[in-house]
Amino acid sequence: MSNTPVAIPEPGPPPPLRAPVAGRTRLDNGLLVRTVQRNRLPIVDALLIMPTGASADSPRQAGLASITAELLDAGTSSRSQTDIARAIDALGARLGNHAHWDFCALSFQVLADRLPEALAIVAEVLADATFPLPELERGLADRLAAIEQDLEDPAALAGSAIARAIHGADHIYGTPRYGVRDTVERIDHDAIVRCHRARYRPASATFVVVGDVLEDAVVRVVDGTLGQWAAHGEPAVEVLPLVARQPTSVCLVDRPGAPQSEVRVGTVGAARTSSDYFPLVVLNTILGGSFTSRLNTRLRERGGYTYGAFSAFSFRRHAGPFVAGAAVSADMTARALAETLEEIERMRVEPVSAEELERAKRYLTIGMLRGFEANGSVAGRIADGELHGLGDDWWDRYADRIGGVDAEAVRDAAERYLDPAMLSVVVVGDAGRTRDSLESLGIGPVVDTVVGRRSEGGASRGNGLMEERDRDSI
Amino acid sequence: MRVAIPCREFTLDNGLRLIVHEDGTAPIVSVNVWYRVGSRDEQPGRTGLAHLFEHLMFEGSANVPPGEFDRRLEQAGAINNGSTTPDRTNYWETLPANAVELALFLEADRMGGLLDTLSHDRFDAQRDVVMNERLENYENRPYGLAHERILGALYPPGHPYHWPVIGFMTDIAAATFDDAVAFCRRFYNPTNASIAVAGDVDTDDVVRLADRWFGGIPRGTAPDRAAASALELADDVRIVMPDAVRLPRLYMAWHSPPAFADGDAAMDALGSVLAAGKASRLYDSLVRTGRAVDVSSYQHGSQLGSSFEIVVTTRPESDLDAIEETVRDAIDAIARDGITTDEHLRVRNGIMTAFVDELQTVGGFGGRADRLNLYAMHMGQPDSVQADLDRYLRLRPGHVRVAAARFLANAHPVSLHVVPRANGDS
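Listed in order, the protein sequences are those of chains S and L.
Taking numbering that gives the first Met the number 0, the leading residue of the first sequence gets 0, the next gets one more, and so forth.
Taking numbering that gives the first Met the number 0, the leading residue of the second sequence gets 0, the next gets one more, and so forth.
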């Protein structure tokens with residue numbers, strides 16, 4: 000390098016975005032098929048979503064949607080679980096079945112020439128899942144064991160405690176999607192069969208196929224397989240209570256001897272279709288949704304007392320949580336909490352700088368290109384659009400809508416959503432080491448909290464609240 | 000099946016290897032740099048230094064003020080990251096096609112000018128960050144210290160794989176600014192690096208830009224690296240580790256052939272037959288029977304020798320000795336009778352799908368740019384994806400049987416039993 004300073008090169012104008020155009024066909028049974036043809040590689044990614052997910056679980060049976068999804072491939076009237084696994088594996092296919100808050104999903108990936116065979120198996124599993132008792136009992140026992148294990152995981156404890164503090168026990172969002180011990184113990188064969196019938200229905204479902212296919216051929220094959228899928232009984236109805244925000248208190252979950260504390264601050268956020276969506280996305284990117292965000296810069300890069308700090312809005316069909324947090328050195332617990340609250344408050348009282356605003360907007364609008372590279376990611380975006388009725392021009396309009404967010408819109412959204420009197424706080428750490436300093440912050444009563452014995456439990460990590468910024472893969 | 004990552008290869012005058020893969024399918028580019036340095040190049044007492052140094056690479060350089068590295072990239076709509084393994088350290092940026100020069104500049108500036116601006120404050124902060132990383136991901140996490148115990152038992156003290164990449168806490172705490180400076184001078188130079196640029200680029204442009212920004216960096220020398228010969232354990236090693244867990248977990252680990260060496264692909268296939276998916280042997284004998292919650296098995300490839308590992312998380316009431324017996328029986332059965340033609344077909348077809356899938360993205364860990372550097376380091380030629388796939392397509396059931404017999408059934412493992420901590424343990 001020369002000794003005279005060299006200017007960092009400025010990138011030219013970003014490439015124009017053309018979101019992939021997806022074909023649209025509705026089959027006789029109501030199933031919507033969306034297809035994107037991409038022929039670079041001989042592979043297909045497919046995603047079927049049914050728009051009723053874990054949020055339709057009764058809080059008494061939390062975990063039902065996710066158990067049902069997990070057991071979908073446990074057997075049909077003509078095949079055992081092992082038969083299904085062998086058939087899928089023999090095609091070199093990979094099958095995934097999961098319940099999210101807003102939907103149940105079945106996804107698979109397969110080389111293009113094996114798509115018809117994979118579809119036949121998937122259609123059989125969807126329409127004819129029998130949930131055999133031995134697999135079902137094993138699935139429930141495994142779930143209970145995993146819930147038990149999560150009670151030892153500080154990040155999982157923090158995730159379930161903050162969800163409960165924000166949404167309360169009466170709202171399904173206040174309980175982990177995977178359920179807790181007593182809600183899972185209430186799930187039986189009858190409940191699972193009813194859940195399957197009520198939620199796995201072609202008329203409201205969308206099947207997205209992205210990859211090395213011809214649209215006409217795909218529609219024909221899908222019509223001969225998933226097109227024969229019929230619904231029985233009545234569809235599920237999702238009834239969610241409104242949530243009143245809770246006045247600020249500090250829930251302290253004791254982990255004697257813990258060298259770090261998991262700190263979380265949260266409140267009720269917004270729905271995916273909220274008119275505040277774009278200001279909130281920009282707000283979050285600046286606050287804790289990117290590596291250079293205020294929280295990560297202050298707690299990690301300047302403070303050094305965490306591996307990473309984050310914030311995230313979980314935009315669901317209904318208002319999901321906003322959560323900020325970090326795992327911090329035990330002796331920095333109160334300071335990390337105070338700084339997190341300060342950064343949240345700063346979003347409300349002073350406009351973000353022009354430089355931060357521009358950086359966040361460009362990070363979002365240009366960075367959005369990456370999501371159109373892999374087939375599976377394209378399929379996810381199309382499914383998300385159908386799920387929330389976003390319209391086919393969503394991504395074409397995205398840059399303009401993010402671009403229209405100004406500093407006042409960000410400040411205004413922060414003021415309305417991040418009221419300091421209504422922030423729930425959770426600390427999972429050594430109570431003896433942290434209680435006094437937490438009390439001396441004077442932000443609200445410090446309440447000893449036990450997670451998990453009966454009415455609460457653990458969510459696993461990867462609950463959508465974590466922004467991964469891993470600088471280490473070992 | 001045919002797969003390829005077509006590319007051209009260049010060597011700059013200062014010895015920097017440059018690999019360019021042109022593909023305009025998406026308007027995205029990945030810039031990916033590998034340095035031939037990892038935790039195996041560390042000295043006992045200073046473990047974790049390679050990874051700590053990786054953190055310092057984001058803290059500014061001659062013409063990039065502190066914090067500006069990440070700010071500039073985010074402003075360009077890019078993401079970036081880095082990682083350290085025992086064998087190598089990598090860094091990448093995934094950007095829109097218009098910003099490729101920015102990434103090349105930033106990589107060049109830190110390759111040649113990191114020490115111009117690195118400050119004690121920044122060093123201290125990142126050392127604290129890494130200590131917190133260790134707390135978060137290892138010490139304050141259930142089962143988090145299991146692998147450290149396995150490495151310690153599998154490799155003798157002084158062996159370059161004996162310690163974990165993150166390093167021991169006392170060593171991280173003891174690392175000094177001068178350690179970092181010496182480490183940089185020794186390992187971070189053009190002759191010890193390889194840069195792959197993949198995506199929507201013009202090869203001539205990339206060569207010109209690389210020459211402009213990297214060309215002036217002094218060549219340095221590629222340091223000699225610690226070597227090690229194949230290891231075998233003389234006897235079974237059994238460790239019981241109480242931890243903050245509710246579910247007992249069994250880890251078994253064996254020495255196995257180095258990444259890309261003979262037997263590596265067979266061990267990979269063996270891992271699939273044993274534990275990939277609900278049709279696998281251990282799923283059948285352990286999970287389906289209600290004795291375990293999950294099971295996994297894989298060949299963990301490294302340059303000086305790999306480890307093959309089986310992990311079983313059990314139900315609270317399960318007896319780990321009995322679980323271990325079942326695992327050994329499954330291995331013995333394959334070592335004796337081999338695998339079925341159906342199992343062989345399932346593994347083969349799954350691998351073909353996985354290979355094609357991994358060609359979908361240019362950037363990130365495991366994207367096409369990263370693979371070009373991986374192959375350049377391990378196989379010499381950057382576009383070795385076909386040769387890599389062929390290793391698997393050539394496999395016959397007999398290869399898996401022989402590998403199971405030689406490396407598992409007739410060898411000694413480290414068995415680590417992680418058990419719930421009784422009251423009073425700490």
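What the hints contain is simulated information worked out from the structure, not anything from laboratory work.
Please note: incorrect hints may appear among the correct ones.
[As the list claims (entries may be wrong)] Derived SDA-like pairs (lysine to any residue); straight-line CA-CA distance at most 20 Å:
no., chain 1, residue 1, chain 2, residue 2
1, L, Lys277, L, Phe259
2, L, Lys277, L, Asp263
3, L, Lys277, S, Asp391
4, L, Lys277, S, Arg400
5, L, Lys277, S, Asp127
6, L, Lys277, S, Ile401
7, L, Lys277, S, Gly138
8, L, Lys277, L, Asp203
9, L, Lys277, S, Pro133
Do the hints match the structure? See the list:
At roughly 28 Å between alpha-carbon atoms, Lys277/L and Phe259/L are farther apart than 20 Å, so this suggested pair is violated. At most 20 Å may separate the alpha-carbon atoms for a hinted pair to count; Lys277/L and Asp263/L exceed this at roughly 24 Å. In summary, the hint linking Lys277/L to Asp391/S is not supported, as the alpha carbons are separated by about 38 Å, beyond the 20 Å threshold. A hinted pair counts as satisfied when its Cα atoms are at most 20 Å apart, and Lys277/L with Arg400/S does not qualify at roughly 45 Å.
For the proposed pair Lys277/L and Asp127/S, the alpha carbon gap of about 19 Å is at most 20 Å, so the pair holds. Restraint check for Lys277/L and Ile401/S: the C-alpha separation of about 44 Å exceeds 20 Å, so the hint is violated. A distance of roughly 13 Å separates the Cα atoms of Lys277/L and Gly138/S; the hinted pair therefore holds under the 20 Å criterion. The straight-line distance between the Cα atoms of Lys277/L and Asp203/L is roughly 49 Å, outside the 20 Å bound, and the hint therefore fails.
About 15 Å separates the Cα atoms of Lys277/L and Pro133/S, which keeps this hinted pair within 20 Å; it holds.
Checked against the numbered hints given earlier, the structure breaks hints 1, 2, 3, 4, 6 and 8 and satisfies all the rest.
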